[in-house]
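Enquirer: With the hints as constraints, model all of the structure from the sequences given.
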Amino acid sequence: MKEKLVVIGNGMAPGRALERLFEKAPDRYEVTIFNAEPRVNYDRIMLSPILSGEKSFEDIVIHGDGWYVEKGVNLYKGHKVIGVDRERRTVTSEHGVTVGYDKLIIATGSLPIVIPVPGHDLAGVLTYRDLDDVNAMLLAAKSGGRAVVIGGGLLGLEAAAGLREQGMDVTVLHLMPTLMERQLDPAAGHLLQKAVEARGIRVITRANTHAIIATDGDAGPPRVKAVQLDDGTELPSDLVVMAVGIRPNAAIAKAAGLIVNRGIVVDQTMRTNDPAIFAVGECAEASGQVFGLVAPLYEMANVIAEQLSDNSTATFSPSAVATKLKVTGINLFSAGDFSDGDGREEIVLRDASRCIYKRLVINDNVLVGVVMYGETADGAWFFDLIKKRTDITELRETLIFGQSYAGGAPLDPTAAVAALPDDAEICGCNGVCKGRIVTAIQEKGLTSLDDVRAHTKASASCGTCTGVVEQLMKVTLGDAYNPAAVQPMCGCTTFGHDDVRRLIVAKSLTTIPDVMQELAWSTSGGCAKCRPALNYYLLATWPGTYKDDNQSRFINERVHANIQKDGTFSVVPRMWGGLTTAGELRAIADIVDRYDIPTVKVTGGQRIDMLGVRKEDLPRVWADLNDAGMVSGAAYAKGLRTVKTCVGKEWCRFGTQDSTALGVRIEKFMWGSWTPAKVKMAVSGCPRNCAEATCKDVGVICVDSGYEIHFAGAAGLDIKGTEVLGHVATDDEVIEVIAALVQLYREQGRYLERIYKWAKRVGLDSIRRQALDDVDARRALCERFVHSQKFAQIDPWEERAGGKDAHEFAPIAVLTELEAAE
Amino acid sequence: MSVMEKAWIDIGAISDIPAQGARLVKTARGCIAVFRTADDTVFALDDRCPHKGGPLSQGIVHGRSVTCPLHNWVISLETGAALGADEGQARTYELRVEGGRILLDGAALENLAPE
Numbered sequence: 003m004k005e006k007l008v009v010i011g012n013g014m015a016p017g018r019a020l021e022r023l024f025e026k027a028p029d030r031y032e033v034t035i036f037n038a039e040p041r042v043n044y045d046r047i048m049l050s051p052i053l054s055g056e057k058s059f060e061d062i063v064i065h066g067d068g069w070y071v072e073k074g075v076n077l078y079k080g081h082k083v084i085g086v087d088r089e090r091r092t093v094t095s096e097h098g099v100t101v102g103y104d105k106l107i108i109a110t111g112s113l114p115i116v117i118p119v120p121g122h123d124l125a126g127v128l129t130y131r132d133l134d135d136v137n138a139m140l141l142a143a144k145s146g147g148r149a150v151v152i153g154g155g156l157l158g159l160e161a162a163a164g165l166r167e168q169g170m171d172v173t174v175l176h177l178m179p180t181l182m183e184r185q186l187d188p189a190a191g192h193l194l195q196k197a198v199e200a201r202g203i204r205v206i207t208r209a210n211t212h213a214i215i216a217t218d219g220d221a222g223p224p225r226v227k228a229v230q231l232d233d234g235t236e237l238p239s240d241l242v243v244m245a246v247g248i249r250p251n252a253a254i255a256k257a258a259g260l261i262v263n264r265g266i267v268v269d270q271t272m273r274t275n276d277p278a279i280f281a282v283g284e285c286a287e288a289s290g291q292v293f294g295l296v297a298p299l300y301e302m303a304n305v306i307a308e309q310l311s312d313n314s315t316a317t318f319s320p321s322a323v324a325t326k327l328k329v330t331g332i333n334l335f336s337a338g339d340f341s342d343g344d345g346r347e348e349i350v351l352r353d354a355s356r357c358i359y360k361r362l363v364i365n366d367n368v369l370v371g372v373v374m375y376g377e378t379a380d381g382a383w384f385f386d387l388i389k390k391r392t393d394i395t396e397l398r399e400t401l402i403f404g405q406s407y408a409g410g411a412p413l414d415p416t417a418a419v420a421a422l423p424d425d426a427e428i429c430g431c432n433g434v435c436k437g438r439i440v441t442a443i444q445e446k447g448l449t450s451l452d453d454v455r456a457h458t459k460a461s462a463s464c465g466t467c468t469g470v471v472e473q474l475m476k477v478t479l480g481d482a483y484n485p486a487a488v489q490p491m492c493g494c495t496t497f498g499h500d501d502v503r504r505l506i507v508a509k510s511l512t513t514i515p516d517v518m519q520e521l522a523w524s525t526s527g528g529c530a531k532c533r534p535a536l537n538y539y540l541l542a543t544w545p546g547t548y549k550d551d552n553q554s555r556f557i558n559e560r561v562h563a564n565i566q567k568d569g570t571f572s573v574v575p576r577m578w579g580g581l582t583t584a585g586e587l588r589a590i591a592d593i594v595d596r597y598d599i600p601t602v603k604v605t606g607g608q609r610i611d612m613l614g615v616r617k618e619d620l621p622r623v624w625a626d627l628n629d630a631g632m633v634s635g636a637a638y639a640k641g642l643r644t645v646k647t648c649v650g651k652e653w654c655r656f657g658t659q660d661s662t663a664l665g666v667r668i669e670k671f672m673w674g675s676w677t678p679a680k681v682k683m684a685v686s687g688c689p690r691n692c693a694e695a696t697c698k699d700v701g702v703i704c705v706d707s708g709y710e711i712h713f714a715g716a717a718g719l720d721i722k723g724t725e726v727l728g729h730v731a732t733d734d735e736v737i738e739v740i741a742a743l744v745q746l747y748r749e750q751g752r753y754l755e756r757i758y759k760w761a762k763r764v765g766l767d768s769i770r771r772q773a774l775d776d777v778d779a780r781r782a783l784c785e786r787f788v789h790s791q792k793f794a795q796i797d798p799w800e801e802r803a804g805g806k807d808a809h810e811f812a813p814i815a816v817l818t819e820l821e822a823a824e
Numbered sequence: 008m009s010v011m012e013k014a015w016i017d018i019g020a021i022s023d024i025p026a027q028g029a030r031l032v033k034t035a036r037g038c039i040a041v042f043r044t045a046d047d048t049v050f051a052l053d054d055r056c057p058h059k060g061g062p063l064s065q066g067i068v069h070g071r072s073v074t075c076p077l078h079n080w081v082i083s084l085e086t087g088a089a090l091g092a093d094e095g096q097a098r099t100y101e102l103r104v105e106g107g108r109i110l111l112d113g114a115a116l117e118n119l120a121p122e
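Residue numbers (my numbering), protein chains in the order written: chain A, 3 to 824; chain B, 8 to 122.
Think of the hints as simulated: they come from the structure by calculation, not from any bench. Hints may contain errors.
[Claimed, not checked] Calculated pairs, DSS-like style, for lysine-lysine (alpha carbon to alpha carbon, straight line, at most 30 Å): (1) B/59 to A/680; (2) B/59 to A/26; (3) B/13 to A/567; (4) A/806 to A/762; (5) A/256 to A/105; (6) A/567 to A/531; (7) A/26 to A/390; (8) A/531 to A/73; (9) A/762 to A/476; (10) B/59 to A/4; (11) A/806 to B/13; (12) A/531 to B/13; (13) B/33 to A/567; (14) B/33 to A/73.
For clarity, every value in this text was computed on a predicted model and none was experimentally measured.
Expert: This is the structure we're talking about:
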């Protein structure tokens with residue numbers, strides 16, 4: 003039987019520990035995770051790029067929902083753990099779930115420190131710790147106004163830069179005389195302050211917050227109005243962000259009777275004083291230290307994975323760490339210990355006009371610390387010298403000019419990377435050295451950055467070493483590495499999807515054999531990946547003239563029903579907008595009886611699914627459904643599936659428009675044409691959104707003033723709320739905009755690429771411009787869609803009930819009694 | 008009749024099967040999928056993917072292989088073996104084509120173990 007491993011917390015450290023554990027002992031543990039945050043594991047280091055708008059949440063997810071499914075991990079999202087019973091070895095969540103464990107990992111992370119000044123609990127006072135904080139800040143920034151960030155450390159400055167980027171007027175308050183004093187010496191701190199101020203952010207150092215002042219009670223509930231300093235200065239503000247530090251979150255461990263000092267005390271094997279319980283991450287205290295940067299946390303995670311797979315020799319001992327500030331345009335790097343002291347010498351390079359500052363701290367001919375501002379390319383090399391305690395006597399004269407000068411090598415970044423020793427650390431976050439990356443590239447035949455990230459984790463966290471990893475790939479692969487290389491459609495060709503589409507138009511290719519001939523396919527008849535894609539591209543490019551190639555279609559689209567695991571099919575008739583009638587229901591009931599259909603189910607898209615229909619019965623089932631006025635619901639199609647609706651203002655007391663009728667109208671207008679992947683839509687009659695329109699490929703939310711059109715949502719393996727395309731006033735405009743949007747997707751989307759992935763690839767703005775804002779482009783798109791519909795709005799069931807493709811539904815021969823031919 | 012002798016059964020014409028497609032032969036002991044490739048070569052295999060019993064006759068035929076519709080295993084029409092990283096074997100049946108007619112070896116069918 004598998005051992006039970008329970009993990010409290012779902013941050014980066016336990017995520018890494020599990021990843022390594024699944025590599026080392028894939029089937030040994032049955033894993034349950036309790037996560038107080040209602041989401042999957044994401045890269046917390048990248049919250050700042052989200053705040054500044056450079057990345058979206060999807061970009062920073064480490065383990066999507068699919069990962070947990072694939073690994074068989076039971077993830078309780080939004081379950082805060084309220085108790086650990088060490089005697090019975092159980093963990094209980096606030097929602098009453100109790101799970102037993104053989105081994106327990108506590109990874110409760112840290113809590114932001116809130117300065118207990120008066121007014122600290124007012125509305126509008128936030129901390130900067132997780133995605134909820136970032137979302138709250140983004141919301142506050144929408145209305146503009148003034149923000150005060152308390153704390154001029156790494157997090158505070160990143161928050162300030164992000165809020166400024168979002169258009170707020172930002173002031174940073176810092177208690178100490180210079181910014182980031184834990185990572186920077188005063189000289190670099192001053193340079194940093196100048197750079198921060200140059201971005202329009204006001205910096206006040208030696209600022210001691212006295213109180214946060216509330217608005218008057220007359221204008222609604224009190225919220226923050228200003229921050230008052232000790233010297234009486236009042237800084238008006240609409241938003242206050244406290245980013246003064248973190249403290250380990252050890253409450254649950256303490257309540258369970260584990261030894262807690264600053265953090266949960268662990269030994270070198272990461273075990274607490276209860277040998278069945280480990281602690282990892284920011285909540286753990288090892289060798290009297292607590293940690294907040296990712297590199298040591300990942301080291302801890304590795305040790306736990308080793309220990310849990312019975313390698314008792316793995317131990318954790320803290321080493322020097324390096325820091326980078328993730329504010330675009332400010333280059334800053336520090337590592338090691340750079341305080342002044344007896345016997346310490348320093349080498350300083352200052353180039354004020356170029357705003358470059360470098361300081362090396364040396365002790366006994368060994369580099370112990372480095373601070374760099376403005377130019378940080380040599381950071382990895384210096385950090386390597388620190389960690390290896392290299393004797394720098396020989397290099398000393400030119401050490402400050404960096405590796406290329408010291409080593410006499412040419413000033414070429416690729417050569418500099420080539421010159422690094424194999425054990426030089428490339429990715430600080432994940433502790434990946436040069437040798438491991440090169441070996442992985444060579445042994446596994448990796449050719450893309452994504453592959454290298456997948457196999458080694460190098461540059462997969464904060465991403466600042468991406469450039470170095472790419473240079474390493476160039477050094478290792480030579481000309482074979484082409485960073486701009488496109489992913490080929492499949493093994494039959496070197497062309498990517500976009501090239502094939504472009505060439506179909508440019509060379510007027512009109513059949514699959516033409517495409518394969520002209521574009522030099524390497525196989526004679528393609529494969530199961532490229533043929534359906536080519537069939538779609540030709541169909542979308544030449545509506546009305548291209549003859550659909552049935553044999554290049556997946557079985558479901560070939561026979562217009564959905565194959566089930568036993569080889570039978572399921573049949574879903576259209577119910578426009580989810581509406582049905584007594585007559586339709588009666589007909590369905592009769593058909594179910596007549597053909598002995600074992601299962602009838604209501605689908606998520608408001609339709610009725612008849613499951614377990616024998617293939618040879620399909621044409622007769624369809625004929626009977628046709629007789630009752632029903633057509634194919636296309637539940638198998640890469641095309642419009644369903645338009646889900648709520649009852650709207652016809653019945654609902656909150657409805658603002660007739661959402662049901664609009665949904666029916668959209669479905670009748672849009673059904674038929676093939677698309678790159680399936681398309682699901684919904685129309686909700688008011689912002690309460692009962693039709694769940696905000697997780698669909700296309701959604702409409704009715705409001706008093708008209709219609710809000712949404713798109714690019716997802717609710718499958720990926721979950722993503724929609725983006726707002728825009729607002730229109732009339733239902734005619736809704737139809738035109740949706741048709742234009744879908745046509746643009748039909749023309750640009752890669753086969754099997756859902757709308758949300760297409761939108762992410764081509765950019766929301768370009769879609770919005772063509773499908774909404776530019777009225778001429780929008781009309782032209784809509785007209786092209788309407789043209790393709792002329793050849794697509796034919797009920798495939800009626801055709802087949804009438805005898806088309808009869809060979810599909812009957813055996814070629816039935817040999818009940820064997821008889822020999824003459 | 009000796010079980011070792013071939014007993015050819017006419018199951019239909021090549022033109023009854025679409026190129027790059029398949030049809031079924033139903034027998035008392037299960038279904039046999041008869042495939043026709045783009046170059047009009049014909050193959051017969053058990054209509055059961057060695058992976059999870061998926062109906063191979065419903066897959067996409069490409070070159071001399073078929074991709075199972077359930078989980079995309081690729082099966083060689085010539086040998087019945089799973090290609091690529093997967094491992095498994097579907098049973099194949101001998102057949103002949105004469106004058107556009109497909110003849111299946113009935114003796115092999117008689118030797119099938121009952122389901």
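Enquirer: Look at each hint and say if it fits the structure.
Expert: Hint-by-hint comparison with the structure:
With a C-alpha separation of about 26 Å, the suggested pair residue 59 of chain B and residue 680 of chain A falls inside the 30 Å cut-off, and the hint holds. About 28 Å separates the Cα atoms of residue 59 of chain B and residue 26 of chain A, which keeps this hinted pair within 30 Å; it holds. Between residue 13 of chain B and residue 567 of chain A the alpha-carbon distance is near 35 Å, which puts this suggested pair outside the 30 Å criterion. Between the alpha carbons of residue 806 of chain A and residue 762 of chain A the distance comes to roughly 40 Å, so the proposed pair goes past 30 Å and is violated.
Proposed proximity of residue 256 of chain A and residue 105 of chain A is supported: the alpha carbons are some 18 Å apart, at most 30 Å. Restraint check for residue 567 of chain A and residue 531 of chain A: satisfied, since their Cα atoms lie roughly 21 Å apart, inside the 30 Å limit. Restraint check for residue 26 of chain A and residue 390 of chain A: the C-alpha separation of about 28 Å stays at or below 30 Å, so the hint holds. For the given pair, residue 531 of chain A sits about 26 Å from residue 73 of chain A by alpha-carbon distance, which is consistent with the 30 Å threshold.
For the hint linking residue 762 of chain A to residue 476 of chain A, the alpha-carbon distance of about 28 Å falls within 30 Å, and the restraint holds. As the CA atoms of residue 59 of chain B and residue 4 of chain A are separated by approximately 26 Å, the hinted pair is consistent with the 30 Å bound. The suggested pairing of residue 806 of chain A with residue 13 of chain B is violated, with an alpha-carbon distance near 37 Å, which exceeds 30 Å. Restraint check for residue 531 of chain A and residue 13 of chain B: the C-alpha separation of about 38 Å exceeds 30 Å, so the hint is violated.
For the suggested pair residue 33 of chain B and residue 567 of chain A, the alpha carbons sit about 19 Å apart, so the restraint of at most 30 Å is met. With a CA separation close to 40 Å, the supplied pair residue 33 of chain B and residue 73 of chain A exceeds the 30 Å bound.
The structure fails to meet hints 3, 4, 11, 12 and 14 from the earlier list, while all remaining hints are met.
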